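These two chains come separately, so use the hints to put the complex back together.
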Amino acid sequence: MSNHLKNLKLKIWRQDGPNTSGRFEDYIIDEISDEASFLEMLDVLNERLISDNKLPVVFDHDCREGICGTCSLMINGQAHGPERRTATCQLHMRKFKSGDEIVIEPWRASAFPIIKDLMVDRSAFDRIIESGGFITAPTGGAPDANLIPIPKPVADAAMDSAECIGCGACVAACPNGAANLFTAAKINHLNVLPQGQAERYKRVEAMVETMDEYFGSCTNHGECEAACPKEISIDVIALMNKDYRKSKVKNRKELSRG
Amino acid sequence: MAQTITKRGPVSGTAVTRSARKRKPFLLDLYGTAVGKKYAMAITGIGLIGFVVFHMIGNLKMYMGASDLNHYAHFLEKLLYPILPEKAMLWILRAGLIAMLLLHLHAAYSLTVLNRRARPVKYQSERDYQVASFASRSMRLTGIVVLLFVIWHLLDLTFGAGSINSYTGSKDAEGLKDVYGSVVFSLERVPVAIFYVLANIMLGTHLFHGVWSLFQSLGWNNPKFNKWRTGAATGIATLVVVGNVSFPIAVLAGIVG
Chain A
44 MSNHLKNLKL KIWRQDGPNT SGRFEDYIID EISDEASFLE MLDVLNERLI SDNKLPVVFD
104 HDCREGICGT CSLMINGQAH GPERRTATCQ LHMRKFKSGD EIVIEPWRAS AFPIIKDLMV
164 DRSAFDRIIE SGGFITAPTG GAPDANLIPI PKPVADAAMD SAECIGCGAC VAACPNGAAN
224 LFTAAKINHL NVLPQGQAER YKRVEAMVET MDEYFGSCTN HGECEAACPK EISIDVIALM
284 NKDYRKSKVK NRKELSRG
Chain B
6 MAQTITKRGP VSGTAVTRSA RKRKPFLLDL YGTAVGKKYA MAITGIGLIG FVVFHMIGNL
66 KMYMGASDLN HYAHFLEKLL YPILPEKAML WILRAGLIAM LLLHLHAAYS LTVLNRRARP
126 VKYQSERDYQ VASFASRSMR LTGIVVLLFV IWHLLDLTFG AGSINSYTGS KDAEGLKDVY
186 GSVVFSLERV PVAIFYVLAN IMLGTHLFHG VWSLFQSLGW NNPKFNKWRT GAATGIATLV
246 VVGNVSFPIA VLAGIVG
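Read top to bottom, the protein sequences are chains A and B.
What the first sequence shows, in the working numbering, is residues 44 to 301, in sequence order.
What the second sequence shows, in the working numbering, is residues 6 to 262, in sequence order.
If we strip away everything but chain B, and leave its shape as in the complex, we get (with noise of 0.2 Å):
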């Protein structure tokens, strides 16, 4: 159980002359410290979360029909077009999107390594802790579970990959892509079906944390609103787990379909 100091930390006092870090540009430089990756962790969570209750309230549609969803799926396409050309708008969204995660997953990834050097022998009796809740001690796992969730998601009703949808791609009456159609082929497997409730309360796990988290990561504290950061975590995960686990259920039901 070899623990020592090795490193002595510089005693300067002034951090205006410590220029060696410095040089660095600005955001790298803020990235550098934990602090600076929980903001990275933060601002990306809040765009990720954006995107994930936007395509829960976009997928609403197929309460309306088969009409309107894939209408809306064609919408988004061609967004911004003529100005630029079909997909354009979409694919600059999804690659904020992508960068996003990525960072995400960068910084997750690099304090975890942090994290784990900060207590290389760990308690040997066991820990009884008091106010960690179950989201909180489980965000890598939730996490994990939700990327891979996003992996199949994108296979299965995006891009169609042949054996986990041979349905995707194709076209309705009208020639539009037949989101509606993936949809309920995708949904109407019970195993499929089940694995979209899972993931979905994970995320919603997930993002309950990582939603009262971001605002003391961002210092975002005021005793004024302090009160209302709980009801905004609960409310955002309740709302997004309740919008998409009604999916798979209102096509299994019969509902949609």
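Looking at chain A on its own, in the form it has when it is part of the complex (with noise of 0.2 Å):
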């Protein structure tokens, strides 16, 4: 059996547009099933200002089912809300109680702007990807599987980075604006894999350097392990930084020979 939750209040930033100031607007949810996800939640809230003739808010979802990386939102001081190893689609109201207020704000960082209400631009992390989160492979028919032997603990590892879903909540919880734990992730899956070998060290350099342009820098919080909906361990930002330095000497080796 389902209950139900009364007399939510929450509070949501709304902001027009890019360049606007925003603020934030009080909604009251009467009643609304603690089988409800979040999503489902805003889904409802929406519903009714669409039916009131006013704008909806805004924010992103797609899949709502934890994969896709598109859903964000801070919920209550805390990138996707109160759950550890949950995205805002999977969390549901039974996290909270009848009466509670909940403040929703967007992710905010300097490389994210704010697209309108609750939905930033999150493209920065596509220039991470595009410097050299990738493998040069032989396009053709569908490889052997097992043809590269991987030891079970490296492909393990390899998994756990390749978890990340991209949707920047490491980012939006660094106290310093930081995109160490996404960028550390996206190289580490690769650079553990025999596949991710050809380009390792120039990887490392151009997607490190690359997200220096955007991000801050990691000052070792941890916030962004305990915030990911994957938890990613901060472990992959050590690795990072090994491999980084490893890069810039072999990077210059290589280059001197040329």
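Since the hints were derived computationally from the structure, they do not count as laboratory data.
Take these hints with a grain of salt, some might be off.
[Stated by the list, open to error] Dumping the calculated EDC-like pairs for lysine to aspartate or glutamate here, alpha-carbon to alpha-carbon at most 16 Å:
#1 Lys232/B <-> Asp278/A
#2 Lys229/B <-> Asp278/A
#3 Lys273/A <-> Glu126/A
Keep in mind the model is a prediction, meaning the values are calculated, not measured.
In structure tokens, the structure reads:
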């Protein structure tokens, strides 16, 4: 049996466009099932706003099953809200109580400019991926499975990093607005695998330096790991730092060979 | 709240062809990025931690009496003498420390500027931090307090600026600089002793996060020793704080003096 939450007070950030100033607006949700997801709760609010001839709250969402990394939201001062290892889409209203005040803000970082209301432009992440988050592989028929032997622990380590859905919670949660967890996860995912070796060092150098153009720096608070819906460990940041140091030496050597 | 991305990074995928910044000397090139600056923070941090630990251990000599401490100070002034002139080695070491401190400060300052720029519009509601500790959140504050303390401490016990410590520079019965006497003179003043205690607690807080953090910054991450990192941080911070705080307490309690 589902229960219902009553009288939720929402304080939602409304902002008309990228270059306008925003403000919090208050809304009341009279009643909502505790089985509703957080985004469904916002859907209910938006239906009401639309029927009242008001503009609905703009927020990012897509798969709603925790794998696409589109949803965001700073909920009560926590990226993706109070549930650990969960993106906003899989946060359920049972995490809240009747009468709670819920404050909802967009991610805030200079690299994530607000488009409207709660929606931000995360294309700075794309710039990082474009600079090195890929491998060069021959196209053609699909290769046989297990053609390249990979030890199980290595495959697992790569998978732990590859879990990153690029939602940006790490940047949002970081007191410095740093994207080290995202970048390190994307680097480490390829760098531990044999397929990633050819471009390993130019990947690290390019991705770290592209990251540097948009984001803050890591001071090892660990907030990113706590906010990450995939709980990616900050160990990957140390691995990135190590590979960055190596890449600076190795790439220079490669260059001087030319 | 104007926030738009004005700068688009080069889409190259090939670090080895980005030659513009490659012309810089290696270390400057490395220092040019935030990750490189964190290396500088960590390496200078290790040097300064080394000094702080050594300084504390050296000071323990005061429990062995005035003569021992003064001879130890004299020994430091005569390091490598007569290969080098008296105090030369001491000043070489001091120059190294000053250089490390300046680099540490510069990296901290430029990273702070970078971080402020990365979030020009703060969260308008209250943040609910999950794991960031008091130590990690207050590195700038504790760092500045420690810096001011170091300046005071040098004026007090190293150079003996007149009104701060008029005793510093006096000689003991054997004709050596009476370091022991200066320490007692300084720490018998209760407000000064309290300042020393508070500043050292700040130093300990700074060291706790600093020691843990440097493993990450230097990329020293190994599942086999990761669990030791917090222990190392607690151990070093505790060692330094307990040692250093014991001196003003010992002087006020009359154990030293």
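Okay, the hints, checked on the actual structure:
1. Taking the CA atoms of Lys232/B and Asp278/A, the gap is about 12 Å. The hint holds against a cut of 16 Å.
2. Restraint check for Lys229/B and Asp278/A: satisfied, since their Cα atoms lie roughly 12 Å apart, inside the 16 Å limit.
3. For the suggested pair Lys273/A and Glu126/A, the alpha carbons sit about 12 Å apart, so the restraint of at most 16 Å is met.
The structure meets every hint from the earlier list without exception.
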